[in-house]
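Participant: Heads up: the sequence lines are chains H and L, in that order.
If you read the first sequence in the numbering used here, its first letter stands for residue 393, the second for the next number, and so on.
If you read the second sequence in the numbering used here, its first letter stands for residue 28, the second for the next number, and so on.
Derived from the structure by calculation, the hints contain no laboratory data.
The structure displayed is predicted, hence computed values, not measured ones.
Glycine included, each C-beta is placed from N, C-alpha and C at the ideal position.
Hints are not guaranteed to be accurate.
What the hints assert, rightly or not - Straight-line alpha carbon distances no greater than 20 Å define the calculated EDC-like cross-link-like pairs of lysine to aspartate or glutamate that follow:
{"hint": "1", "chain 1": "H", "residue 1": "Lys526", "chain 2": "L", "residue 2": "Asp91"}
{"hint": "2", "chain 1": "H", "residue 1": "Lys502", "chain 2": "L", "residue 2": "Glu264"}
{"hint": "3", "chain 1": "H", "residue 1": "Lys470", "chain 2": "H", "residue 2": "Glu488"}
{"hint": "4", "chain 1": "H", "residue 1": "Lys526", "chain 2": "L", "residue 2": "Glu166"}
{"hint": "5", "chain 1": "H", "residue 1": "Lys532", "chain 2": "L", "residue 2": "Glu188"}
{"hint": "6", "chain 1": "H", "residue 1": "Lys532", "chain 2": "L", "residue 2": "Glu128"}
{"hint": "7", "chain 1": "H", "residue 1": "Lys502", "chain 2": "H", "residue 2": "Glu488"}
{"hint": "8", "chain 1": "L", "residue 1": "Lys94", "chain 2": "L", "residue 2": "Glu150"}
{"hint": "9", "chain 1": "H", "residue 1": "Lys521", "chain 2": "L", "residue 2": "Asp183"}
{"hint": "10", "chain 1": "H", "residue 1": "Lys521", "chain 2": "L", "residue 2": "Glu150"}
{"hint": "11", "chain 1": "H", "residue 1": "Lys521", "chain 2": "L", "residue 2": "Glu189"}
{"hint": "12", "chain 1": "H", "residue 1": "Lys470", "chain 2": "L", "residue 2": "Asp176"}
{"hint": "13", "chain 1": "H", "residue 1": "Lys532", "chain 2": "L", "residue 2": "Glu32"}
{"hint": "14", "chain 1": "H", "residue 1": "Lys502", "chain 2": "L", "residue 2": "Glu189"}
{"hint": "15", "chain 1": "L", "residue 1": "Lys31", "chain 2": "L", "residue 2": "Glu141"}
{"hint": "16", "chain 1": "H", "residue 1": "Lys521", "chain 2": "L", "residue 2": "Glu107"}
{"hint": "17", "chain 1": "H", "residue 1": "Lys526", "chain 2": "L", "residue 2": "Glu75"}
{"hint": "18", "chain 1": "L", "residue 1": "Lys165", "chain 2": "L", "residue 2": "Glu141"}
{"hint": "19", "chain 1": "H", "residue 1": "Lys480", "chain 2": "L", "residue 2": "Asp125"}
{"hint": "20", "chain 1": "H", "residue 1": "Lys526", "chain 2": "L", "residue 2": "Asp125"}
{"hint": "21", "chain 1": "L", "residue 1": "Lys31", "chain 2": "L", "residue 2": "Glu150"}
{"hint": "22", "chain 1": "H", "residue 1": "Lys526", "chain 2": "L", "residue 2": "Glu264"}
{"hint": "23", "chain 1": "H", "residue 1": "Lys470", "chain 2": "L", "residue 2": "Glu141"}
{"hint": "24", "chain 1": "H", "residue 1": "Lys470", "chain 2": "L", "residue 2": "Asp125"}
{"hint": "25", "chain 1": "H", "residue 1": "Lys521", "chain 2": "L", "residue 2": "Asp176"}
{"hint": "26", "chain 1": "H", "residue 1": "Lys526", "chain 2": "L", "residue 2": "Glu107"}
{"hint": "27", "chain 1": "L", "residue 1": "Lys94", "chain 2": "L", "residue 2": "Glu166"}
{"hint": "28", "chain 1": "H", "residue 1": "Lys532", "chain 2": "L", "residue 2": "Asp140"}
{"hint": "29", "chain 1": "H", "residue 1": "Lys480", "chain 2": "L", "residue 2": "Glu150"}
{"hint": "30", "chain 1": "H", "residue 1": "Lys502", "chain 2": "L", "residue 2": "Glu166"}
To be verified - Incomplete in silico selection of chain H near chain L, CB under 10 Å:
{"hint": "31", "residue": "Cys395"}
{"hint": "32", "residue": "Arg397"}
{"hint": "33", "residue": "Cys398"}
{"hint": "34", "residue": "Gln399"}
{"hint": "35", "residue": "Pro402"}
{"hint": "36", "residue": "Cys471"}
As a plain string of letters, each chain reads:
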Amino acid sequence: MLCDRCQKRPAQVHFTQVINNTKKQMHLCPACAAELQAESFGFAPQLNLHDFLAGLINHHFAGANITPNALPRVRCEKCGASEAQVAKSGLFGCSECYTQFGDRVQPLLKRIHGSTTHTGKVPRRTGGKALLAKEMRILKSQLQDAVKQEEFEKAAKIRDRIKELEQQIQ
Amino acid sequence: MSFKETVNNPYSKWLDASGPESDVVISSRVRLARNLAGYPFPHLLGHENADKILYAVQSAINRDGIKETIGELELCRMTELSPTERQILVEKHLISPDLLEQPEKRGVVLRNDEVISIMVNEEDHLRIQCLLPGLQLKECWDLANAVDDGLEQTLDFAFTEELGYLTSCPTNVGTGLRASVMLHLPALVMTQQINAVLLSLSKLGLTVRGLYGEGTQATGNLFQVSNQVTLGLTEEEIIDNLIMVAMQLVTQERAARRALYREQQHQIEDRVWRAYGLLKYARAMTSNDAMTLLSDLRLGVDMGIIPDIPAGLIMELIVMTRPAFLNKLKGTELNPYQRDLYRATLIRERLNSLPTR
């Protein structure tokens, strides 16, 4: 078989691409394959972020093994955005969507960020419990450090503060 | 002051080459995505709600507390600006091209030194941005953080304990923080190390783009490097990571420049002086030509080959010779060829008016 691209050298690399359920196969010689790979890296054909994301969301949302009766919630009750809309645009309709589409949001976030838990800034005025929880995380790691360094006086102080916080949180 | 001056003046603080590591790092930027609780995200937002958000932002920035800590901020609706003026804000990197669509729903807040800008109703209700020259990511974050604190006094942001700040696109959720540096990497490009460098960046969870954001070409050897992950790391971690990577790139670029000078001194000298000559005397100049030659010139200045040209002027020329700016300066709509002529004239005038040695 000859290379699809140069039609000169024998094809040794077989490449299958699936975009929106359309399968495309290419048979390439090593030289052409290397060139195409170099092109697809860097800046040549830019992958649109939203399309890419829509693909991901599609996978998690309308994805694999959902039978029609098992489709739990198709629309966000708050903003009315449908799953299909979200999957198509790559954007959620409102902040409530994150709860409404909950079970499928988690794996998506895991895939994008490698994590599903926020550890950063908490708004001061409306943060409430989250603010305390963040302080708790920081204190706990300080406590570990103090114990490691055998600074027991410091550790005791931190532990007291943790106890205080625990009461506040409850 | 304000929007009138901003759109008439090609100079912006981020262009002056005064910041740290400015021989390689052109500018640093931090952007925070925030949304108001209880409203649909901008792409599903009706006109009435879009108006409410613009009003909420207006009253939040007018509070005395903000004026004292952040300074005077001014909100401008996109409809108050002409299409050329809007495009100029894009060319100065103060807003994204996306803000130009559906102008009746959108607005932008600026501080008069253009260091702080807030896009209203772009992909998220608020996009707080801080832009400084050189490598100043920490400074950008401190400032953006302060603006966020100030706005949060009156605005209720969509936030959950588990997921952090909620954004319309799940790639921004959590911190809502996108930090980026714009780097000038001509020597890594010339020595063909750039692809290896870019590949290793992508493995570190960083994204690389061209000068004007998503989907743009890396003309003029300018690259924007930014974090991809926004959830699961603290803001400080994200900023520190990017600073470390940026410093690494600065070191590599400098090493490549030294190696080039050592091994190909005459070729490099010829290349940058040739660029200077063309810029000084050419009669027509496409936008791409200008970017490429100005990049060479900047390299010559940063390497000390060409003396007496302020590096800031070169960046200013890059912004000044973008299409919308040329139209604005000329006061009329130019066709592409007229633009090439006018671009060459402007560059010539600016470079020839420098004091000669």
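Participant: Against the structure shown, which of the earlier numbered hints fail to hold, in ascending order?
Facilitator: 1, 4, 6, 8, 10, 12, 13, 16, 17, 20, 21, 23, 24, 26, 28, 30, 31, 32, 33, 34 and 35
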